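*Asks:* Going line by line, the protein sequences match chains R, C, H, L and A.
Quick note on numbering: the first sequence equals residues 1 to 351 in this note's numbering.
Quick note on numbering: the second sequence equals residues 1 to 351 in this note's numbering.
Quick note on numbering: the third sequence equals residues 1 to 351 in this note's numbering.
Quick note on numbering: the fourth sequence equals residues 1 to 351 in this note's numbering.
Quick note on numbering: the fifth sequence equals residues 1 to 351 in this note's numbering.
It should be emphasised that the hints constitute simulated quantities derived from the structure, not laboratory data.
Hints are supplied without guarantee of correctness; some may be wrong.
If several chains are the same, the list does not tell them apart, and a pair holds so long as it fits within one copy or across any two.
[Said to hold, decoys possible] As a list, the in silico DSS-like pairs of lysine-lysine whose alpha-carbon atoms are at most 30 Å apart:
id, residue 1, residue 2
1, Lys98, Lys43
2, Lys54, Lys241
3, Lys348, Lys191
4, Lys71, Lys42
If you're wondering where the values come from, they're calculated on a predicted model, not measured in any experiment.
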Amino acid sequence: MISKHRSEKAGLPPGTLLQNRTKKQSAEISIIDYTPKTFQEKKVKKSAACAPLKTKKSVSWINVSTVNDVKQIEELGNTFDIHSLVLEDITNTDQRPKTEDHEKYIYTVLKMLSYNSTKGKTFIEQVSILLGDNFVISFQEADGDVFNPIREQIRKNESRIRTSKSDFLAYSLIDSIVDNYFVVLEHIGEKIGKIEEQIFSHPNQHTMEKIHALKRDIIFIRRSVWPLREVINNMQRSESKLIGKESKLYFRDVYDHTIQIMDTTETFSDMLSNLLDVHLSKMTHGMNEVMKVLTIIATVFIPLTFLTGLYGMNFIHMPELQWRYGYPFALGIMLVAALLMLAYFKKKKWF
Amino acid sequence: MISKHRSEKAGLPPGTLLQNRTKKQSAEISIIDYTPKTFQEKKVKKSAACAPLKTKKSVSWINVSTVNDVKQIEELGNTFDIHSLVLEDITNTDQRPKTEDHEKYIYTVLKMLSYNSTKGKTFIEQVSILLGDNFVISFQEADGDVFNPIREQIRKNESRIRTSKSDFLAYSLIDSIVDNYFVVLEHIGEKIGKIEEQIFSHPNQHTMEKIHALKRDIIFIRRSVWPLREVINNMQRSESKLIGKESKLYFRDVYDHTIQIMDTTETFSDMLSNLLDVHLSKMTHGMNEVMKVLTIIATVFIPLTFLTGLYGMNFIHMPELQWRYGYPFALGIMLVAALLMLAYFKKKKWF
Amino acid sequence: MISKHRSEKAGLPPGTLLQNRTKKQSAEISIIDYTPKTFQEKKVKKSAACAPLKTKKSVSWINVSTVNDVKQIEELGNTFDIHSLVLEDITNTDQRPKTEDHEKYIYTVLKMLSYNSTKGKTFIEQVSILLGDNFVISFQEADGDVFNPIREQIRKNESRIRTSKSDFLAYSLIDSIVDNYFVVLEHIGEKIGKIEEQIFSHPNQHTMEKIHALKRDIIFIRRSVWPLREVINNMQRSESKLIGKESKLYFRDVYDHTIQIMDTTETFSDMLSNLLDVHLSKMTHGMNEVMKVLTIIATVFIPLTFLTGLYGMNFIHMPELQWRYGYPFALGIMLVAALLMLAYFKKKKWF
Amino acid sequence: MISKHRSEKAGLPPGTLLQNRTKKQSAEISIIDYTPKTFQEKKVKKSAACAPLKTKKSVSWINVSTVNDVKQIEELGNTFDIHSLVLEDITNTDQRPKTEDHEKYIYTVLKMLSYNSTKGKTFIEQVSILLGDNFVISFQEADGDVFNPIREQIRKNESRIRTSKSDFLAYSLIDSIVDNYFVVLEHIGEKIGKIEEQIFSHPNQHTMEKIHALKRDIIFIRRSVWPLREVINNMQRSESKLIGKESKLYFRDVYDHTIQIMDTTETFSDMLSNLLDVHLSKMTHGMNEVMKVLTIIATVFIPLTFLTGLYGMNFIHMPELQWRYGYPFALGIMLVAALLMLAYFKKKKWF
Amino acid sequence: MISKHRSEKAGLPPGTLLQNRTKKQSAEISIIDYTPKTFQEKKVKKSAACAPLKTKKSVSWINVSTVNDVKQIEELGNTFDIHSLVLEDITNTDQRPKTEDHEKYIYTVLKMLSYNSTKGKTFIEQVSILLGDNFVISFQEADGDVFNPIREQIRKNESRIRTSKSDFLAYSLIDSIVDNYFVVLEHIGEKIGKIEEQIFSHPNQHTMEKIHALKRDIIFIRRSVWPLREVINNMQRSESKLIGKESKLYFRDVYDHTIQIMDTTETFSDMLSNLLDVHLSKMTHGMNEVMKVLTIIATVFIPLTFLTGLYGMNFIHMPELQWRYGYPFALGIMLVAALLMLAYFKKKKWF
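With the hints as extra help, turn the sequences into a complete structure.
*Replies:* Okay, structure coming up:
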């Protein structure tokens with residue numbers, strides 16, 4: 001039986017990158033079996049149906065659309081001689097991306113990012129891939145359509161995948177996962193662009209929250225990307241017989257992509273830090289402006305108000321009050337005082 | 001005799017991660033001795049009782065529940081030929097996690113974290129493990145129940161541990177220690193989640209203190225985790241005959257967990273830094289708001305008050321005062337002035 | 001056919017370093033063919049015209065002035081036996097700088113920076129270089145004149161390029177690209193100098209925006225420079241027969257230049273961080289000054305105004321009001337109070 | 001003659017970690033000569049007295065209590081065939097900790113930290129150790145008692161040092177120096193604890209200065225600790241015949257200690273950075289509180305004062321003034337205005 | 001001919017570390033030729049005079065006091081078979097410090113720092129050194145006296161340099177350049193000390209500018225120091241026959257010095273960052289103090305002024321105004337109000 005070693009919860013705070021789709025309890029297994037010339041596709045519920053594929057010469061791709069149906073996964077594992085630690089890893093969706101060479105098969109676990117433009121959020125999902133001599137088994141957390149383009153290609157006779165071995169199919173799956181990172185990064189890039197524009201045109205108190213949300217996403221994406229690079233590098237340099245020389249050339253290409261993803265992630269991180277600096281500087285500047293207005297108004301009127309108070313006193317003997325032009329004179333003094341203050345602020349370049 | 005090389009105190013400031021339980025002065029030694037088929041369990045006070053175990057073919061697990069009973073530890077050390085530097089390290093609870101291969105046995109010292117949800121605090125405890133050909137000796141700082149699930153497993157006939165050698169027992173102990181890290185991180189993750197929520201809903205002056213407390217915990221956890229990774233890696237790659245090939249596979253699994261713990265620790269550290277930035281930005285924003293209110297009120301009323309002062313002056317010759325509609329006229333001027341100020345602030349987007 | 005693996009957009013936020021010139025859809029191919037003694041130059045529209053060059057002993061330089069004419073590039077690729085992954089990389093202008101040794105040719109992709117002083121902006125363009133035994137094929141994103149000095153040199157009989165093999169031509173192209181980095185950095189250096197001067201003479205709210213814009217440029221330049229260093233280093237240490245020993249000496253020279261470019265980039269980054277600190281400190285200082293003026297004016301006049309209010313009260317029994325010298329006495333008290341406040345501020349070194 | 005290569009001053013700012021004790025000009029040389037069974041101890045002024053020790057089979061420990069008596073050191077150097085560059089390093093007290101293997105002897109230079117609790121300061125001193133086949137020569141900057149416990153041990157017959165060779169004596173000296181780091185770190189840890197307490201109970205303007213002073217000490221301690229680790233590692237892995245296998249085990253123990261010292265130093269550095277953040281946040285929070293009080297008082301009373309001013313005006317035609325209940329009515333309006341303001345602030349959670 | 005590859009300007013902002021002395025256009029070549037027993041010294045204008053030195057067995061030191069006289073340098077290069085890329089590097093004063101082994105000679109380029117205490121500024125100059133079998137050629141940017149002490153030593157019969165080969169002369173030149181770094185760092189250290197003192201005694205607005213200027217210097221010094229370490233390390237480990245075993249020992253000594261220079265540079269950088277933090281904290285603290293004074297004065301007097309306004313109103317029916325002791329009663333209320341406010345501030349520990 002597959003035992004769970006670890007606490008169910010991953011130790012991550014609530015509200016981190018979310019799983020997108022509802023998970024099913026019972027597995028849906030789609031099988032594609034092909035040679036350059038033949039092609040067969042079906043959907044089953046029980047993994048027992050996969051047993052005959054193990055000994056066929058054709059390349060079989062078994063895609064399991066959930067990792068919660070422990071029973072089917074265990075049975076599938078037994079059929080293809082998968083180590084129990086690997087099966088445990090497949091069902092545990094907190095895995096760090098990694099690749100392990102078990103001689104008869106290579107076990108690779110990756111994080112797939114996807115951007116849901118309706119919700120404006122990035123979702124994360126774990127994909128496990130087992131690459132054997134004549135089979136590829138992929139496990140998704142939930143049913144999805146990300147591999148459909150690959151299915152389309154396989155359906156075409158004489159396509160590159162059909163004429164290649166299982167390693168090229170595994171490459172195609174990984175390549176489509178890596179390509180999704182670019183889409184997600186593109187959306188994040190657009191958001192950064194909007195924030196930047198907003199900071200310079202009409203910054204407000206939600207800007208900080210948006211920057212924070214993106215920084216958070218970047219932290220989680222980086223968590224997936226760093227080990228991803230390692231995984232692809234290991235496959236590119238693998239000494240396993242399961243990965244052919246020509247496929248390695250393709251894996252090198254994916255490797256270049258992961259490096260670029262890392263670069264972009266770091267660039268975004270740097271840009272967000274810069275934007276945060278600008279935002280804080282803008283806020284301080286705004287406070288400065290507020291202070292200046294207050295200071296100008298207050299320092300101009302406070303002395304004047306003092307003067308009015310002075311001549312509002314009720315002393316019996318205040319000669320100025322009796323003067324014929326006392327009032328206009330007082331007004332004159334106030335005007336001069338106010339102009340002097342304003343001249344001072346002008347000199348200080350406060351406005 | 002075990003001499004203490006070093007100052008008793010660890011050089012750490014008071015109030016750091018705490019030891020949870022009261023320490024006993026006299027050791028309580030629990031012995032479990034098993035083969036796949038036989039099983040024996042007892043508790044003794046004197047380490048002399050362990051002497052016969054050394055030559056038995058069965059696997060013996062000796063758990064010592066304190067490191068303060070120097071006399072018993074020394075005797076135990078002599079019985080199993082443990083180097084005096086190792087014994088010294090066992091009794092010194094400031095060790096950095098490490099593993100040392102002494103040919104006849106492997107000495108491993110780890111930090112065990114545990115979260116006490118009643119006190120809301122993380123506790124730390126040192127565990128030393130000596131792995132020999134047919135024995136495992138573990139030293140805890142204080143009596144605890146963390147190893148009870150393992151005891152349960154051993155009690156079951158034909159369990160994985162019972163049918164394996166001493167290396168698998170050592171793995172089980174280390175694995176249960178590493179699993180506890182996830183539990184602690186989970187609690188920290190929840191706290192971070194709460195702080196985040198609080199910052200965005202009703203930030204207050206204690207938020208900073210909470211962030212500080214968590215950053216502190218992270219600093220100390222990182223101190224345990226970084227060397228932990230190294231320790232497990234050394235065991236996974238060990239060339240010692242004491243660790244079998246199959247057990248290494250399991251150690252690789254634990255190694256993946258330590259990497260994930262490190263990742264999560266770093267992620268938490270980054271998130272806390274982000275939260276600190278947001279918190280400070282929120283505080284500055286709050287100050288800005290306060291300043292704006294003050295400025296709006298003050299700049300609207302200060303000129304008005306000046307006007308009231310003006311007409312409160314006691315000059316004899318102030319024609320306005322005699323006017324029939326002087327008072328409503330003055331009120332009108334004030335209203336216009338106030339509206340102008342408010343329009344200005346509106347334009348400046350202050351409210 | 002060249003298929004695009006990846007999302008068209010590069011995942012970068014809008015408004016990053018820009019492409020300078022308008023791109024053409026149909027390729028313009030300029031061919032220069034030379035031996036130490038002979039020289040031939042022509043412009044064609046179709047890549048079919050290049051086929052005969054492949055087998056000639058002379059060195060041929062084929063420069064393609066766009067990467068959008070996929071058809072011509074594909075045909076050229078077929079003529080010179082270029083791998084389809086390489087052709088894909090050539091047409092994809094989001095490549096990370098890299099060099100790949102394909103035995104029969106070396107594929108190098110670089111970013112070319114150029115500074116447009118009219119617009120005051122830095123532009124970026126991708127250049128791909130294929131170095132073969134007797135040919136060099138270069139692909140620019142758009143038609144440009146950056147390689148004209150090299151053309152001039154080739155036109156001269158007995159010039160260093162004419163008397164060397166294709167590797168020296170490739171070196172010359174790369175060297176001219178790297179030299180352009182210095183020009184761009186020089187302009188950035190001048191801008192930093194101006195900002196520094198401005199911060200110390202008359203800082204204003206746009207300073208932050210300028211610092212931000214430069215930091216952004218630096219982030220993108222660093223993205224090009226780090227892999228550039230790697231690329232040149234790989235060429236300098238290449239074990240390919242295509243790069244001769246003498247040329248490696250020249251590549252070492254370029255390598256020194258890239259190190260210096262990296263150093264300068266890092267220095268600029270550090271300087272901008274410093275300037276940001278100074279700028280923020282200046283802003284805080286400015287706020288301090290504003291606050292001090294407000295405080296001095298307010299604290300001097302507020303107590304005085306209180307006194308005037310006091311003697312403005314209408315109580316019937318206020319003996320001071322009847323005094324002969326009540327008014328001058330009150331004035332005297334105010335003067336003393338004001339002087340005491342000023343003395344206090346003087347002591348506090350507020351002005 | 002020993003020439004000084006370098007500027008006398010070390011390039012360090014004044015007021016850095018200080019030398020504790022007054023330095024003497026003429027050396028005081030203490031000699032301890034022992035075999036497991038024999039023991040001899042004496043103090044001399046001239047290094048000539050050490051010459052016979054060179055050829056004796058016994059282990060000799062020569063401790064020189066100053067590095068200013070260049071003449072004696074030179075003579076000693078000539079007696080034991082020490083390279084002139086080493087002698088120069090010994091007399092230069094700005095050395096970076098290092099170890100050099102000169103085949104016939106190993107030269108090690110370390111920094112010794114000590115905490116003077118009376119002055120509350122950390123002092124630093126350079127110690128050079130020459131380990132030869134049958135001798136150890138140690139040079140202190142000034143006379144001190146740090147090695148007394150080792151002397152005590154040597155005086156005991158059959159002690160570990162007496163029964164070992166010179167390498168164990170060198171280990172003992174280095175171990176006692178490293179142990180002193182823990183004492184110093186402990187004191188710093190206590191200070192950090194006090195600052196933390198102070199920040200949360202009654203922060204004041206000197207807190208910043210205390211944090212700064214500790215950060216400074218940490219910077220200088222790190223300068224000593226990083227190379228120290230390297231030094232001990234080199235000795236632990238040394239291939240010199242001068243360090244025996246058993247001693248290497250002990251050096252590994254010291255090495256673990258240096259790693260722990262480094263860890264603690266880094267932890268302290270992180271904690272101080274955290275405390276600085278908390279301190280600054282507390283200060284900003286304090287300013288916020290001050291601002292709020294000002295704003296509440298001002299915004300409540302400024303409109304009220306305007307109202308009093310209004311009815312203090314001297315217009316002849318002000319109907320309200322004649323009303324029977326004009327005064328209580330005005331008071332009522334003021335009360336309502338004040339309560340509205342307070343309710344607003346309450347809603348804003350300002351108090 | 002020596003062609004300039006690169007833009008004349010170095011890409012550095014104006015106002016960076018300056019060249020100290022005026023540069024001459026025509027070279028001044030000083031020649032010192034010596035064997036242990038013979039010695040010859042002369043100054044020439046034309047490099048042709050150096051040709052005979054190439055074949056002499058004696059050691060020749062040719063020092064060229066400018067790098068602008070391209071013609072003489074080219075001729076000298078041809079005489080001693082120097083590669084044209086090296087000659088180009090010599091005349092280009094933007095080189096990054098590096099060392100290149102060209103078999104027949106070793107080319108080293110370094111930056112020499114010097115502190116001009118009159119101007120209070122640090123100057124930088126490039127020095128190139130060519131070490132051949134029997135010659136050393138050094139190129140300074142301008143005429144200077146930094147090598148005079150070495151000349152003095154050579155003039156002495158039987159001095160260490162005279163009895164050694166050319167490698168020791170090269171070491172002496174490099175050592176004297178490295179020693180100058182200590183002098184510069186010492187001056188910077190003193191400045192840091194002064195700033196620190198100033199911050200704690202009477203901080204002012206120029207402190208920030210001084211910290212900025214030093215940070216800038218440190219950035220540029222680090223640019224010279226990091227590659228310097230590499231250069232010296234390469235010479236110390238060089239496999240060239242041109243550097244003898246004994247000289248390598250001396251280069252190791254210089255290497256230790258460069259490590260110490262790096263350490264000190266990093267320490268200074270850390271100290272400046274600390275000082276910046278302290279400075280900013282002091283400024284914030286200062287603002288806090290200003291705010292508190294304002295708040296205390298304003299909040300004490302604003303309610304009082306309200307009260308005076310209240311009894312300054314002209315309502316006909318204000319019973320208090322008629323009271324016999326209305327005025328002293330009002331004064332009493334004001335006093336009580338003021339004292340209550342002050343007690344509140346006292347409790348809040350504002351003064």
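*Asks:* I'd like to know which numbered hints this structure contradicts. Please list them from smallest to largest.
*Replies:* The structure conflicts with no hint, since it agrees with every one listed earlier.
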